[in-house]
Amino acid sequence: MKRHYATAAGIGLALIGAWELWVWWAEIPAFILPPPSAIAQTAVLQAELIAPHALITMAEILAGIGLALLTAVPLAVAMFARPGLEKGLAPFLVGSQAVPVFALAPLLVIWLGYGLASKVFMAWIIIFFPITISLLSGLKGCDPEYRVLFCLMGATFWQKLRLLYWPWALPQFFAGLKVGVTVATIGAVIGEWVGAQQGLGYLMIQSNARLKVDMVFAAIAWLTAMGLGLWILVGWLEQKIITWKH
Amino acid sequence: MLHLAGAAKFFGSQTIFSGFNLDLEPGRFKVLVGPSGCGKSTLFDTLTGVTPLDAGTLTWKGRSLPHLGSQAAYMQQKDLLLPWFTLLENSLLPVKTGPGHGQASGKKNTAARKKALDLFERLGLAGYGSHYPAQVSGGMRQRCALVRTLMFDRELILLDEPLSALDAITRRGLQSLLLLFQSEFGKTILMITHDIEEALILGDEICLLSPGPMEIEQTLCPRLAKPRPFDDPTLVSARRQMLGRLQGDLK
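So the sequences go chain by chain: A and B.
If you use this note's numbering, the first sequence corresponds to residues 6 to 251, in order.
If you use this note's numbering, the second sequence corresponds to residues 567 to 817, in order.
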């Protein structure tokens, strides 16, 4: 495990180093592409300016994840309990993914305003689908022999759900959640681009207009760190909860 | 107690069995022996309700039922323990499920726990109750599955080659325990196996099945006290005869 981390760190450092050297060698002006060292400097030295925006974006992401969990879990369970419901809803779920949701962002601002709500909604739309689908397929993936055993025990649906299906589906649920939390940042930022007064997306748009490219990259770096942090947090939770898998 | 009359099952144009009759008296240990693929597992699937009977009637204690459903306990070759529960929790699953569970069941739960722990001790699982299935051997897992089967608290136990995945020594041990528990708890057992020796050691009635379509070719009722020594001359000659039949079927 440690060796994998070392490899990843090595590749990352090599890429950053190549970027740094290339900017220096080709004499690219900083307002077009700043070197990583300048970005790091901005990201750290301007932390006081960035942090409040990051906090807002994080709040939007977390609210989006929470909302997605509150809606995706009951829907997946309902579709699992009633296959007819699944057949009826599947076209809409898949269809909803074919809609370019980012195109809806300007509308969301009209409907929900410039505040948090439109961004939370955006994040929710994006995370909702992977969680629902992965949880549903996890529930349906239960070995039929176990189902027979539980039927012979005379277990009710809720008993089966609690003792058998839910734990069975947990690994896939977490896989979906991991995808969800990393793409949630995209939803929140798109929402902020279209209309906001704060947040990392707002900061990026403002800095871009003033050719403060180092600040744009610093905001991206913060976003990346947030997404990565959430991903690690979910991975840690998964290890804590699914104790029987290692 | 269990009566199957004129039972039939088809898969497409293939007849698995047709006009199949089976009688099971309370307290008896009946073993169905047959080569793999003769349809004995399909018969069990119709009993447990995995797949419906295409014809015939199933009578349970005078009542006609589509299948046995939750009237019977069931144990098969795979232990089917849940990896997220400890051995003890796994063995208590039959007590924790079922409609109406959860109301005024504190006393019942304590009694069940005590019974399970007692069985754990007698099956050599003492001290392993809080282990997870992945932490113990296949033989121990199967013994835990046996405890779970006994915790079902049903008169009838269906056994689908429950011991065939085990090594010879563990299997011997579990065979004698099966006999012991059957008489102690007064269970009726219907077992399927392809192991003639196991059938002869355990069964009150041994039905030799022939394939395609499946029918009972011969029924044997050895009048020997149990536990039976596997080298008893009567059993040796019966085994030779049955083996001859089965090999004849293969030709």
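Derived from the structure by calculation, the hints contain no laboratory data.
These figures come from a predicted structure and were not determined experimentally.
Among these hints, one or two may not hold up.
What the hints assert, rightly or not - Simulated DEER-style distance windows between Cβ atoms:
1. 673(B) to 237(A): 44 to 50 Å
2. 99(A) to 673(B): 22 to 28 Å
3. 672(B) to 15(A): 41 to 47 Å
4. 730(B) to 93(A): 53 to 59 Å
5. 630(B) to 150(A): 24 to 30 Å
As the list claims (entries may be wrong) - Capping the alpha-carbon separation at 27 Å, the derived lysine-lysine pairs in DSS-like fashion look like this:
6. 165(A) to 792(B)
7. 673(B) to 792(B)
8. 662(B) to 673(B)
9. 145(A) to 627(B)
10. 183(A) to 680(B)
11. 250(A) to 644(B)
12. 680(B) to 165(A)
13. 662(B) to 681(B)
14. 183(A) to 165(A)
15. 145(A) to 183(A)
16. 673(B) to 165(A)
17. 627(B) to 662(B)
18. 680(B) to 644(B)
19. 245(A) to 792(B)
20. 165(A) to 217(A)
21. 662(B) to 245(A)
22. 662(B) to 92(A)
23. 662(B) to 674(B)
24. 250(A) to 792(B)
25. 165(A) to 92(A)
26. 662(B) to 145(A)
C-beta: ideal position from N, C-alpha, C; glycine also.
Taking each numbered hint in turn, which are not upheld by the structure, reported in ascending numerical order?
-> 2, 3, 4, 6, 7, 9, 10, 19, 20, 22 and 24
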